[in-house]
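Residue numbers (our numbering), protein chains in the order written: chain A, 145 to 268; chain B, 2 to 180.
If you're looking for bench data, these hints aren't it; they were derived computationally from the structure. From a predicted model like this one, the values you see are computed outputs, not experimental measurements. Where hints are given, some of them may not hold.
Stated by the list, open to error - Calculated cross-link-like contacts (lysine to any residue; reagent style SDA-like; alpha-carbon spacing at most 20 Å):
no.: 1; chain 1: A; residue 1: LYS217; chain 2: A; residue 2: VAL194
no.: 2; chain 1: A; residue 1: LYS189; chain 2: A; residue 2: THR166
no.: 3; chain 1: B; residue 1: LYS43; chain 2: A; residue 2: THR166
no.: 4; chain 1: B; residue 1: LYS43; chain 2: A; residue 2: ILE163
no.: 5; chain 1: A; residue 1: LYS217; chain 2: A; residue 2: GLU193
no.: 6; chain 1: A; residue 1: LYS217; chain 2: A; residue 2: GLN235
As the list claims (entries may be wrong) - Listed next, with one range per pair, are the computed distances between beta-carbon atoms:
no.: 7; chain 1: B; residue 1: PHE78; chain 2: A; residue 2: SER224; range: 45 to 53 Å
no.: 8; chain 1: A; residue 1: GLN235; chain 2: B; residue 2: LEU82; range: 36 to 44 Å
no.: 9; chain 1: B; residue 1: ALA130; chain 2: A; residue 2: GLY187; range: 34 to 42 Å
no.: 10; chain 1: A; residue 1: GLU216; chain 2: B; residue 2: ALA34; range: 25 to 33 Å
no.: 11; chain 1: A; residue 1: VAL190; chain 2: B; residue 2: GLU32; range: 44 to 52 Å
no.: 12; chain 1: A; residue 1: THR170; chain 2: B; residue 2: ALA130; range: 14 to 22 Å
Heads up, the beta-carbon is just placed ideally off N, CA and C, and yes, glycines get one too.
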Amino acid sequence: MLAPRHIKSGDYLTLLGGITFTVWITFAVWSGGIADTALIRSGGKVFKEVPLSRDQEIEVPGPLGTSIITIEKRKARISSDPSPRQYCVRQGWIQQAGEIAICLPNEVSVELTGGAKKYDSLNY
Amino acid sequence: MTASTIKLATTAEDHHIARMAAVALGLTVLENAIPTPLPGVKPGLANIVTLIVLARYGWRAAAWVSLLRVVAGSLLFGNFLAPGFFLSLSGAVCSLAVLALSMHLPQRFFGAVTHSILAAFAHIAGQMAVVYLWLIPHAGIAYLIPIFATAALVFGTVNGLIAARFMDNGDKPEPEPQP
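So that you can see chain B by itself, here it is in the shape it has in the complex (with noise of 0.2 Å):
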């Protein structure tokens, strides 16, 4: 077999979305380790990490990490394609198409903790859309609506709160990435 280097030409951006990525990977694992009372009821630390960097890199940058976080997540978790992954990818996808709504309010008024709040229910909105469209086509789970929107507020706020502290704290160009 003869050895065959295939060299990418990749770009400081692309390095950097990369490390970001690692990093919401790296929160998206130790929050598998947290049990949790209720499938589906997750903190989402990993979007922390895409709140910092669509405060600092914009909402391009911000969509390569979340989705790379998700679908790196999944081979990780072993459930690529399965109904997991789908959860995820619908949530992610829901929670960038708001943030990039959301991202016009004006920067003075809302911040970090507004983003994440939307998101967060843009998030769960869009689960509950594959739940209900593909998985338990049933009217009963809206009586699971309310846990998860419960849900979505509290660790919407505190992941903004997160976010916002971190970008008070540092003015670090970059998080440091997670062991």
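The following block holds chain A by itself, in its conformation from the complex (with noise of 0.2 Å):
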């Protein structure tokens, strides 16, 4: 066992390009991009495009009622919402580009752009 005939030379080669390969994909699928502007839609309109540098929060109306957006530290959340189930709210914060929160019954979206946008999350 001190000296395994059947473990060669080049199958640490392998290992390494093996570990190099999944380090570089990791960081390739997993690291979606700086975001940097936060797109709020209501009704399936832009109703508003603000950038994540400012803390602010943004009132968006709704069908239902009045959903909250807040802005913090370059993340968003939706923090408040009058939708029955509360998805959205609970999703709590998003910071990566492409992510998005929905309030399906309020018909508002906050969703994250900027960067390199790899893909979109609604659309293939």
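Bring the two chains, given one by one in their own frames, into a single complex with the hints.
Take a look at the structure:
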């Protein structure tokens, strides 16, 4: 076992290559790009486009009432919404480009854009 | 009803392949008893058998063992022609295709570990392709690639090491069949 005959020198090379590939693809896929803009939609139309650099709260009217979108420390979230199940509020902070929080009942959504947007999470 | 006897002419090689496939099948059953955190992340222990067969008896025998294991395994678990079966099949086919190439690497420098890692990556690549083209045509599955790639790297290495260790230990002509 000290000198395993069936583990060859090239195997370490392959292992190294495999590690490199895995690390590379992890970074390529999981770093979604830095977001710099929040695109707020209401009823399918763009309501407002705001930069993430400034902390603020935005009130967005919808058919059920008013949704409040909070932007803080280059992250965004829907902090208040009249939807019954509160999915979008419970989604919490979003911060990478391509991420989106949607309140379907109130027809309000906030999507982060900017950087190199790799794909649209709604269309393919 | 008259008793009929159908006798197929079988060669020693057929018997050997069937034995190896049975060992692989045993490992598949064993592995299905292990709970996994994410569906699809499996150690692929049966591939150890494929690797050993590849090293000792060549690609053709390895392909037989691997594909027999996939088909018989699906019959055993009742998912023949179900999505899970096609995922196994595409993984196995891609692995075999890569093994067909990688076995021509110089044997002095590249052993079972290399083949195992390359085949593991080919396996997930084939599976992801089927998932994307057929089951979930959504770019969002790309988010899962790092998880599967990591699993392929880890299990590919471990399986390769086991196969290498096995071939180091035994100059036995064949591994002992599992109960």
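Evaluation of the provided hints:
no., hint, in the structure
1, A/LYS217 - A/VAL194, "holds (13 Å)"
2, A/LYS189 - A/THR166, "violated (40 Å)"
3, B/LYS43 - A/THR166, "holds (17 Å)"
4, B/LYS43 - A/ILE163, "holds (19 Å)"
5, A/LYS217 - A/GLU193, "holds (17 Å)"
6, A/LYS217 - A/GLN235, "holds (17 Å)"
7, B/PHE78 - A/SER224: 45 to 53 Å, "holds (49 Å)"
8, A/GLN235 - B/LEU82: 36 to 44 Å, "holds (38 Å)"
9, B/ALA130 - A/GLY187: 34 to 42 Å, "holds (39 Å)"
10, A/GLU216 - B/ALA34: 25 to 33 Å, "violated (48 Å)"
11, A/VAL190 - B/GLU32: 44 to 52 Å, "holds (51 Å)"
12, A/THR170 - B/ALA130: 14 to 22 Å, "holds (19 Å)"
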